[in-house]
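Taken in order, these protein sequences are the chains called V and E.
So in this note's numbering, spot 49 of the first sequence is number 49, and the numbers just go up one at a time.
So in this note's numbering, spot 21 of the second sequence is number 1021, and the numbers just go up one at a time.
These are calculated hints, taken from the structure and not from any lab test.
No residue lacks a Cβ here, since even glycine has one placed at the ideal position from N, Cα and C.
Do not take every clue at face value.
[What the hints assert, rightly or not] Ranges of calculated distance between the beta carbons of each label pair, as one might list FRET restraints: (1) K1122/E x G309/V: 31 to 41 angstroms; (2) S1054/E x P448/V: 51 to 61 angstroms; (3) L1161/E x L281/V: 49 to 59 angstroms; (4) S1292/E x P4/V: 54 to 64 angstroms; (5) K1122/E x F256/V: 42 to 52 angstroms; (6) D1158/E x M165/V: 28 to 38 angstroms; (7) G329/V x D1158/E: 32 to 42 angstroms; (8) L172/V x A1320/E: 57 to 67 angstroms; (9) D1158/E x P419/V: 23 to 33 angstroms; (10) M165/V x S1054/E: 48 to 58 angstroms; (11) P252/V x D1158/E: 20 to 30 angstroms; (12) D1158/E x A486/V: 54 to 64 angstroms; (13) S1192/E x F237/V: 34 to 44 angstroms; (14) P4/V x L1161/E: 47 to 57 angstroms.
Given next are the chains, with one letter for each unit.
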Amino acid sequence: MRIPASYPMALLAALLALVPVYILITLASDATAVFDSHNLKILGNTLSLMVLTVIGSILIGVPLAFISAYVQLPFKKLWLVLFAAPLAIPSYIGAFTLYAAFGPGGEINQLLGFETPPMYGLTGAAIVMTLYTFPFVMLTTRSSLLSLDASMVNAARTLGMSMPMSVFKVILPRVINGIAAGSLLVALYTLSDFGTPAMMRLDTFTRVIYVEYNAFGLSRAAMLSLQLMVIVGFLLFIESQIKTASERHGRPLMLFPSNSQKLAMLVTFLPVLLLAICLPLAIFTLWLARDGIADFDFSIAWNSAYASGIAAIVAVVVAVPVAHAALSGKVGRIMERVTYFGFGIPGIVMGTALVYGGLQLPLLYQTLALLVIAYVLRFLPLAVGSVRTSTEHLDSSLIKSARVLGASPREAFMRITLPLTLRGIIAGAALVFLESMRELEATLLLGPTGFETLSTYLWRVYEAGYFGRAAIPGLLLVVISACGLAIMLSGEKRSQLEH
Amino acid sequence: MLSVSKLSIDYGSNRVVSELNLSLGESEILMLVGPTGCGKSTILQALAGLIPISEGEINLGSWRATPKLKVPPEKRKVGMVFQDFALFPHLTVQQNICFRLTDTSKADHWIKLLGLEAFRNKKPATLSGGQKQRVALARTLAHEPDFVLLDEPLSNLDAALKDTLRWDIRNALKDAGVPAIWVTHDQEEALSVGDRVGVLKEGIIQQIDTPERCFSLPSNRFVARFLGEASFIAGNCEGDIATTDLGNAPAIKVDHDTAKVDVLLRPDDIHLIQNANSSNGKVTWVRYEGGSRLCAVKLACDTVVTSRVSHEVMVRPGDAVHVSINTTHPLAVYAA
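Looking at chain E on its own, in the form it has when it is part of the complex (with noise of 0.2 angstroms):
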């Protein structure tokens, strides 16, 4: 099992990444998710031992890897996927998979498994990006690793590529049974494929729970907003129960126990009503999604606030239109 305490890294005297801490269990997948320069890829790269850390342990129970004590990533049983595919351009595919096995039959498998059978004598350069990733991750399971690392394989590939190979690499990974570490940009992707999800911010981990935690219950408002739309709007919190200008909610505190609140609102959270006898607000704008409509309603405090329609409903720019809070789940809420 791999468990990381206190893991700082350092480029020159600038800290990428401070005080992670994180266990990763048989076979779970976690999704690390951030904006950009928030050091995802970088504490993949301290895993693997491509980098140097500063202070901080990892440890897989075979290695223990400290500032001091350097294991070499040949010898930390780790696999990595790259988002360049890194496949060795000189080798054929079936060359690529089997790099390092003396029994290429382990290999078959995953060969078979990925749809790589007609490509098997191959070279890189002639297949396309899911090919070529499915290549690499066959290359990496093949060769039995502890545990997987995967760094935003998805982010070179074609929008309508994504969505199934997304589903093929967690369930390659579950059939082969080792635990992953998945850094993705993409909220909708972290939600979705992970068992779990951590949240990172300039380096710092916001969060890491379940993808439904994460989602209902973000322990700060930057997650709240990673993860999905969100709007904020004031209220008055006692007990458990949470007073808006948009109705009542059951509520959970998620940091300082006050009494004047700003609570969370997920589009669906909100119901709208066209037509209404006492409107409270006016659509500032809509966007059609298919099967659903996303609008923008602003109240009379200005608050701007999300509600997500049947594509049925049809609400224009400008309409004048009564919303509520309607959920039968506590809502977070925050201290003003």
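In isolation and in its complexed conformation, chain V is listed as follows (with noise of 0.2 angstroms):
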């Protein structure tokens, strides 16, 4: 059998993605107790917050992804838009602002005077990841209910059925691979993050692994880690479950909807954009108002968007022929899942095994090559299911037809394939660039000594109590990750136009 182009380059990347993994094998083995109770407080915190995390966001996501699909809107566009930007936020921006914003003492208590629940724990971490990764659901679920074709809702109505019924029974059904999909990448999203747990003081297997790194328990850190891997793996082999039936693209269907409609579903959804979006950026602002531009070293913004923008070139040279070997068979499928490992690994566990691998290698040490390796193995599968998404849906029959017009493999790929994927790899980019723009715990055990960025600035600000300095960063932090967002509905806009 002939093996595929794209396989040598995806073996690499897949092998990269284990280094991590085997570093951090050898570290635990050196690790003596296993299991124990703290432990079981642990597991139990995380699946907590995993679960809760999940089904805030299917809540909130699946009927956002109905309405932005379906329903004729004003500002159809701009809906679309500011809920997808809570993606853009960094969650411990919104964890670091809730928690400032909310209880005895806080600023709307200071600001308005009464007093609201305070918001740590549980609870605190539970609706701070909803809110800022439910996007991902609605993403996911808009996409998948896109591609249906009106007709069959338009039949089971035709035979009867009322619209709520056929949503349940008609198009409900065709759209749970996608909302599965994004259910996944909530969960593992919510495993990963370091920042809005440890802001919210709830002992989750990140916000340990962190204590016991500084503690200088390096090896009972990855043993934790390995713990934490193991979910991971799990849900990992859930999502090579999910199969992604194809349908043939038609035309989508239609809801108008009157005006008490209108208002109930506004009153329904406001309020998770007041939270996610309009607080932190009036509790941002207030502070600004308040400390002024206190002298605010603004290479610090440099630094960030360098190294995520050589992170999301990277990613996406990689991203391309791992896609493509994901397509072209079982093998290729296998090299892929391996690649998503680096999404599984928390930042704080990645940037443990990179800075003992950094040890062992003195020429990686303390550069910004180390870091952005750690951005690239962490966000790679972003880039990769992107663009395995746009060339999934190109049809083989333009490949064939470039192919017999007497085009060679590489010039298929470069005047065809390339051209109508490249939405899917600008998406991949954008994705990867935000979230290395956020990242905030490899960056801090990684970054070369005396290279702040904006993110592990917030974090040293938020330590040292002096919140009033978070709002230029924070603020920042915000436009440059909409900016990305911006670059990613464009990629999608001009699609749209294409078909």
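Dock the two chains into a complex; use the hints.
Now the structure itself:
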């Protein structure tokens, strides 16, 4: 059998993705205790946070996906952008500001006089995580919904089924994979997030690993990481079982709501925007007004964008062969699965592993390259998934057509596959850029000495308790991420014009 | 000239095409017909080099492909027209047609001939199905292939469009003087546009011949039924005359030489008389076809034969009628 051209590069990516896992296993073999009651509590906290966040994301994300895909509203695009925007905001920024805003003595109490329930622990972490991860579910479900032809719903309704029943019986069963894919991203994100549970003082794996690392318990941190990765492995297994049925694209359903229905939708979902976007912006603005631009060093912003930009480019260059390998055979699919490990490895763990790895390779230690490697290893699956999806949708007869017109495989790739999947590639790059921008924990550990980024600066401000200084980096993080989101959305718009 | 010998194709352990032999003359159009899943599209994919072959040989003179000797699609000088058009969505009509042409003036001939002048700078998404297929055809012919493969080019189009586009495609192929294999599941299309017709069943060619011979002298009952209304009536055949309850007729034995035979009757081989003194059958159903009516008549022996009468003859189900064989050309007979 002929080996697909994408395999060697994909194999390299897969092997590289296994390096941190290998390091962790080596480290963990030094650890003594395997599992104790403290572990059980951490496990309980982690799983509770994950389950609550997934449920919350589905409850918010699925109805919003339905509305944004089918319901004809004024300013449709604007609403979609607004509800996708929380994805662009790092969740620890939400945790930071919600923590500061709520509770006795919080900003809301000081400003408006009335007391609000405090925001911390499991409840607080679950609320914050949900607010910033539901767009995953919304976007994946929305794209599944848009690929459905309206004819089946129309058939159900002409057969006498009500609209809500048709949604449950005809639409939901066909987008369940889209919901599952989004939920899985939410679950993986929640498992690996460090900032939110750390700021909410919830002892999840990531927080405890950081504590252990700082207490020089490298091997214990590694063992906890391995336990966490068992859960990740299980989720990845589930993900591999999800089959995406490809339906022939048709004309999606269109619904025209009455004014009272519009109002009901607004009242239901506006609080999400208020909490996720308006509140953090308001708090940062408040701090900015109170403290002013207290000698903020803007080279920190450049550092963030520079490192993330390099990571985005490298990730895409690696993602294209990995995605193609995944589509050309079973072995390729396994290699693609392996690269997903990085997404599940919490940044703090990746940081730990690469610090250890860097100590063995002095050439890399304390360099920007090591940080970029960490970003790429962590966020490669975002780029791969994006490229793979756009490649899957590519009609195979287009390639065949180019080939019989006399184009070599290389020319067919350059002139047909690449332009038609460019949107997926750009979206993938934007996603990696966004994630790298807000990456906190690996940057804390791997950033070269003196290389401060927006996120690490924010963390130091939080630890030191100078909340007011968070204003500029916080606002900048939001603005830069919003730009990334805009790039991603314009890619989607362009492809809609073409199809 | 394209010649295919002993071509077999497998999907896994499943043989989907076996021992196919065919050759294509200069500027000849060969129609390949068969029911869904008979392997006709698979043959085209194999000829284009898009799927591997298991046995046999494909030879165009300038290249030769066998299971060992692989020739990539781009080296085969083949043109292919797809059922779903396969136009590149990110390119304009002009860019699609000139996909790999350095000299774009070659495209102008086909743009003009196929009436695409007004759409030159449009994206495929804005075109109708018929226009898309014209663009696909123009793209194929502008690249000057040595042979063309058409994979059910009309099956995604409206019935009204099919008829005109069918002849536009045929005329364009003849204008280009390029041989073509045209796959369809529509027997009417197969009989009318092709120079020759090949009938496929379960991956095996049943007959390749002129449309006339395929229709009047089918090599077996499957071909007879597939290409049009067919009824069979029992009879005896001595020499080249067949004797049946409905009369005698000249006959040609298609398969084994036996005395007891079944005679193939097409609707226009049977003459139907209303209000006859002696009836020999009863009308079971009638289909109005505009200029004519197709009637099924059940004979005393329970055999059902179909007959086509003028639309002026008002036949109704239940009528007692008299039917008889009325033909001058020889009928095909098969061993009973």
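Which numbered hints are broken by the structure, listed smallest first? When the structure is compared with the hints, numbers 5, 12, 13, 14 turn out to be violated.
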